Amino acid sequence: MRLSDVRVERMTDGFRVSGRFEREDGPLGELYYEASGGAEPPSPEMGVAALLAAALPSTVWLGEDLRTDEPCDEAFARRATRIARGIALLHGLSPKTQVAAPFAHSAPREGRVVAASFSGGVDSFYTLFAHRNPEGPLPLGALVTVLGFDKSQDEAAGFGDLLDDVRATADGEGLRLFPIRTNFRTLFENSGDWGSLTHGGLLASLGFLLSGSVHTYLVPSSYPIDGLFAWGSHPMIDDAHVSSHTRIVHDAWHLNRNEKLPPMADWSPLLERVRVCARTRAGRNCGRCEKCIRTKLLFYLNDRLEAATALGTELTPEMVRGLVMKNRHKIAWYEELGAIARRRPEHAWVARAIRYAVARSRWRGFCRRSWNAVRGASDR
Amino acid sequence: MIRIAGLSLTGADGSFRASATLKSDRGPNGELWFEVQGAALPDRAMAASAFVAALTPISTFLGENLTIDEPIEKELALGIEAIARGYTRNWGKPPIHVAAEGVRVKARENRIVATSFSGGADSFFTLKTHLGPESVHLIEALAIVLGFDTPLEATDKHAELLDWTAELAASLGLRRFVLRTNLRPLFDPHANWGGVTHIGCLAAFAFLLSGSVHTYLVPSSYSIDELFPTGSHALLDSAWISGPTRTLNEGWEYDRDDKIRAIMDWAPARENLRVCASRTSKLRNCGRCEKCVRTMINLRLLGAPEVPIFPHPLTPQIVRDIRIHAWRSQDRYRRYRQRLLSAKRDDLDGLASAIGIALLRGRARTLRYRIRAIFRG
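As given, the protein sequences belong to chains F and P, one line each in that order. Residue 1 is where the first sequence starts when you use our numbering, and the numbers rise one by one after that. Residue 381 is where the second sequence starts when you use our numbering, and the numbers rise one by one after that.
Some clues are possibly wrong.
[Unchecked claim] Derived DSS-like pairs (lysine-lysine); straight-line CA-CA distance at most 30 angstroms:
id, chain 1, residue 1, chain 2, residue 2
1, P, Lys671, F, Lys96
2, P, Lys486, P, Lys454
3, P, Lys403, P, Lys454
4, P, Lys724, F, Lys96
5, P, Lys724, P, Lys671
6, F, Lys291, P, Lys473
7, P, Lys508, P, Lys537
8, P, Lys473, F, Lys330
9, F, Lys96, P, Lys403
[Claimed, not checked] Derived coverage of chain P by chain F (criterion: at least 3 residues anywhere in the stretch with Cβ under 8 angstroms from a Cβ of chain F; other residues may be distant):
id, stretch
10, 447-461
11, 466-473
12, 628-634
Rather than coming from a laboratory, the hints here were simulated on the basis of the structure. Quick caveat: nothing in here was measured; it's all calculated off a predicted structure. Ideal placement from N, C-alpha and C gives every residue a C-beta, glycine not left out.
Work out the full structure: start from the sequences and follow the hints.
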């Protein structure tokens with residue numbers, strides 16, 4: 001894959017960074033980011049670094065090299081091939097991707113801040129909660145939220161609702177907000193799986209992209225140290241994205257989601273504005289999808305479901321029993337929730353319902369694997 | 381609770397000793413000491429931080445809270461609870477509390493990158509990768525540890541190690557720091573060295589070297605696709621961050637086979653590689669322990685010429701005799717299976733059948749172990 005025609009342009013309230021990618025067998029298209037909220041543009045070589053970081057997972061997945069004639073930040077360019085190798089090893093892909101770019105270096109701006117990626121979910125809220133203390137190790141100065149991440153471009157209306165919520169949260173904490181619009185997901189849709197691979201590239205690229213205003217970019221962890229697997233955002237891969245201007249920090253990998261809620265269970269911004277839904281594209285929680293129910297369970301077990309107005313209060317044994325967990329990582333989450341439920345007699349119904357749902361999911365998984373094996377054998 | 385008290389830091393730039401008294405109900409008790417040669421004297425708070433680093437893994441493993449009477453470096457103090465939580469999660473243990481006050485420490489100028497260096501494949505790979513001016517972390521010093529892989533009283537082995545690492549450092553234009561500690565005899569009765577305590581010791585070295593070193597590389601033992609709860613975990617190894625100095629796990633993008641492939645065309649590694657896991661052998665590499673034999677098999681499969689680091693050539697009998705502990709490491713078992721296939725592919729029939737027999741024995745041993753475990757309850 002080749003990157004060319006990189007542009008960093010200042011806009012009214014932010015900037016635009018774009019570059020054109022070509023695959024070995026033909027053009028892929030233009031990748032762009034539009035940042036607002038008064039974000040300062042990155043230096044040209046950091047703009048190139050952002051675009052290369054974005055394309056890295058897809059390039060590894062495609063088994064291609066990643067090249068550009070545009071000067072790239074030296075610290076990142078020197079590391080990029082090894083990051084590609086790490087991605088390949090993690091995902092069981094061939095570690096042959098080489099990244100080649102001329103080196104460049106410039107001095108970072110003064111007065112930059114720590115920023116965190118913020119989707120409005122439990123992980124994002126925890127990172128905000130943990131780093132809002134100005135005396136802490138990484139005191140937050142800004143939140144970053146992305147259009148083109150959880151949502152597709154044609155759902156800009158729903159994004160408005162989300163943006164209002166995020167802005168209210170940022171304002172409440174006295175933080176700046178940098179909204180970013182990108183066509184990343186559309187452009188790389190056929191170049192690797194979004195969840196398990198490519199979204200990590202987007203998160204890392206945002207840190208570099210905002211290097212004019214941000215020196216440390218926090219990526220809230222999805223999975224803890226004992227539950228890591230080949231997932232797009234991985235603490236070792238994220239933290240390996242080091243540049244002369246910005247570093248990426250995968251935050252709170254020492255905790256799982258069930259442990260993140262209790263310390264902030266009484267925090268009103270979370271209760272009023274948490275947004276986890278994977279189904280509804282209108283900026284609110286549907287309350288019925290697997291992710292909504294899982295989050296409701298978490299709030300319920302911490303006695304905060306009634307207060308969590310953003311989630312809706314309906315939670316029945318039937319909803320829990322009907323859950324389908326599609327992989328062992330989700331099963332592990334629910335098993336931990338089940339263990340929490342067993343601690344109190346009044347939560348026994350949750351433990352029973354989870355046990356049923358886990359058993360059913362395991363059985364379905366077994367049937368699916370068996371069927372695939374039989375079908376594979378008959379095909380052979 | 382484990383309590384660190386009576387910190388003592390004596391000596392000057394070039395040679396110093398740090399010691400403290402450990403008091404605990406279920407953990408180590410007595411004086412823990414570190415002796416360092418060749419490095420500048422660290423700030424007292426950094427020396428205190430070193431003791432916290434050394435004690436955190438074992439405290440989390442034993443489920444004991446940790447406290448220290450002295451202030452530690454502020455950034456570490458702010459992050460230590462999260463690090464300890466990472467360890468407890470890694471081992472599936474309940475959280476512990478670490479009580480330590482933080483103070484700011486001003487870093488000295490002109491400090492360098494050092495790497496922990498045992499002479500093994502991981503160490504040589506890290507060294508080779510970060511030697512030239514083109515490297516990401518330009519290594520300028522080796523940190524040699526006595527009392528780590530070898531017993532403290534093995535003075536003849538230490539002398540040999542010091543001799544050849546001095547030659548190596550001189551030939552590559554590197555500085556050398558020598559560290560001695562009694563951590564193993566003190567900690568070994570309470571927790572497994574490889575599985576629990578040794579990374580805390582490396583982090584302690586990093587902080588003790590903070591007068592001379594800003595980044596301390598820890599060569600990775602495992603690649604990103606084979607991480608499991610053990611003493612050296614890439615995430616935990618890189619979590620030890622203080623204002624002046626940080627640790628960095630290096631080389632997790634490569635598995636061991638790749639590393640050996642990468643270093644065997646490099647004369648310093650070919651002539652000095654030391655992979656032996658035997659603490660009793662008087663040789664640099666015994667050529668018979670599982671780790672030696674595994675490396676010899678790798679070299680044979682890579683088509684590397686016989687190297688002088690092993691006392692004898694690889695024979696099928698030696699391979700058949702190795703003990704593969706399948707229940708301890710599924711991954712290692714899987715890699716032996718890959719080697720078996722590679723040997724078959726390369727028409728190394730004698731080697732292939734020997735690996736096959738070793739694997740069968742490994743399985744039988746696993747079965748025996750599991751049956752025993754059932755009867756023992």
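Comparing the hints with the structure gives:
1. P:Lys671 to F:Lys96: 28 angstroms, holds
2. P:Lys486 to P:Lys454: Since the Cα atoms of Lys486 (chain P) and Lys454 (chain P) sit roughly 11 angstroms apart, the hinted pair holds (cutoff 30 angstroms).
3. P:Lys403 to P:Lys454: OK: Lys403 (chain P) and Lys454 (chain P) at ~24 angstroms, within 30 angstroms.
4. P:Lys724 to F:Lys96: Since the Cα atoms of Lys724 (chain P) and Lys96 (chain F) sit roughly 25 angstroms apart, the hinted pair holds (cutoff 30 angstroms).
5. P:Lys724 to P:Lys671: Holds, because 21 angstroms separates the two Cα atoms, which is no more than 30 angstroms.
6. F:Lys291 to P:Lys473: 27 angstroms, holds
7. P:Lys508 to P:Lys537: With a Cα-Cα distance of about 24 angstroms, the restraint between Lys508 (chain P) and Lys537 (chain P) holds, given a limit of 30 angstroms.
8. P:Lys473 to F:Lys330: Holds, because 21 angstroms separates the two Cα atoms, which is no more than 30 angstroms.
9. F:Lys96 to P:Lys403: 52 angstroms, violated
10. 447-461: holds (count 3)
11. 466-473: holds (count 4)
12. 628-634: It holds: at least three residues are needed, and the stretch 628-634 of chain P offers 3 whose Cβ sits within less than 8 angstroms of chain F.
When the structure is compared with the earlier hints, a violation turns up for hint 9 alone.
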